[in-house]
Structures are given as structure tokens and as C-alpha cells.
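Chain order of the listed sequences is A and B.
The opening position of the first sequence corresponds to residue 1 in the numbering used here, with each subsequent residue numbered one higher.
The opening position of the second sequence corresponds to residue 1 in the numbering used here, with each subsequent residue numbered one higher.
No wet-lab data here; the hints were simulated from the structure.
Backbone N, C-alpha and C fix where the C-beta goes; we use that ideal spot for every residue, glycine too.
No incorrect hints appear here.
Label-pair restraints from in silico Cβ distances:
1. B:51 <-> A:12: 42 to 48 Å
2. A:30 <-> B:12: 40 to 46 Å
3. B:62 <-> A:26: 23 to 29 Å
4. B:31 <-> A:67: 29 to 35 Å
5. B:28 <-> A:42: 23 to 29 Å
6. A:52 <-> B:56: 27 to 33 Å
7. A:15 <-> B:105: 32 to 38 Å
8. A:26 <-> B:3: 29 to 35 Å
9. B:22 <-> A:29: 31 to 37 Å
10. A:64 <-> B:12: 43 to 49 Å
11. A:15 <-> B:20: 42 to 48 Å
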Amino acid sequence: AQRVTQPEKLLSVFKGAPVELKCNYSYSGSPELFWYVQYSRQRLQLLLRHISRESIKGFTADLNKGETSFHLKKPFAQEEDSAMYYCALRGSNYKLTFGKGTLLTVNP
Amino acid sequence: SAVISQKPSRDICQRGTSLTIQCQVDSQVTMMFWYRQQPGQSLTLIATANQGSEATYESGFVIDKFPISRPNLTFSTLTVSNMSPEDSSIYLCSVRASGRGGSYNEQFFGPGTRLTVL
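Next comes chain A alone, as it looks inside the complex:
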């Protein structure tokens, strides 16, 4: 079975502060990990994926297989980063399993 855990339901930081959204997963094979974001009144959209090792909007995430984690990080949070963030895992069956999400609020 595949499972994704986001331990923080809510996360509040001040503008300019570093932010880390935690994600841990459980999967017996080699997973693909993703971070999706949903801004207020917008649809869910892909932020980044581990396979590309990319940085999007200043966010990065490194897959740590030893710790089965895929934490999302940004060194300096901006107010426009306020949104709901979902970590997701895709196994060999092409199905996405989502975590429960973390609501990030960046205060001015």
C-alpha cells in the first residue's frame, strides 16, 4: 500500500522567513513524488516533481529514500506563497496518492 503523511495541517510564517513543509511516504517500490499547490479560488496544480530536481517559484524538494521523505523548502517565503500544499506519490500503477495537505500562511 502507498501512503503519504503531511504532519502539519497548518503552517504560519512571516514574509522572508524560511519555510519547510514536511512530507513522509510509505511505498515498497520506487515512487515518484510530487508537490501540488492550490491557491485560493484556483484549481490544484503541479508545483514540482522529484524526478526533475527543479526549483519552481523558489521552492525545492529533495527525495530522501533513507528517511522516506520529500520535504518542500523555500529559503525566503513570500506572501503570494500562501496556499494549500499537497504532497503526492505515484506508484507503478500510475495512481496518485495524496497527503492531507498543509495550509501555508505567510504573514506580512
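Add chain B to chain A, keeping to what the hints say.
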């Protein structure tokens, strides 16, 4: 990429009735998915709908309750049958299509249908 539209965007329904949600994609896609997001919960996959075959349902979801049609490569419907207040949720259509970089299959989501059952 793929742009997905859903109808209706929201509805309020009476217990015992049924609602059909439509999903339209602006390009041909093989794999379409239907998700449910209950209040305060994460997205849960209901079923996978591939054109030309019966939908594959996840554990806890059955065809009698959530019949799905997939008549072509750009369209699908999900019906929520014999509704109860527990079916109040956001229902999302999703597809796999070429995304960033062109060669990678990315999953795109529709805007969702917010259903309230009284």
C-alpha cells in the same frame, strides 16, 4: 498541457436524488481519473476511466453508486447516485497529459464540482 472544465461547478441536491458531473478536456487523453475531496480531507481516488473499457474503481467505491461513462477521449461523466449528506464533497476530474518538458506525463486537475446534499 491539458485544460479541463467541469459542469456544474456546484450544486445543492436533495437526499435520494442523483447528479451527473461532466468533465471536458481540450485534448485527447487516454487516462482520466475521478477524485473526491471531502471537507477537511485529502483527495481520494474514486476510479480510473479509460476510453473503450469499464472504469476501474478503488476500494470503497462501487459502480452502482458512482457510475462513470467515457464515450470518447475528451469527455467523461461521473454520476453520484442515491445521494446522502455523506456524499457532500468536491468532485474533481483529472487527466494525464504531456506537461512541462513535453515528454513527461503530468496530471492535470479540473476546477472541481462542489456538491452539497441536504
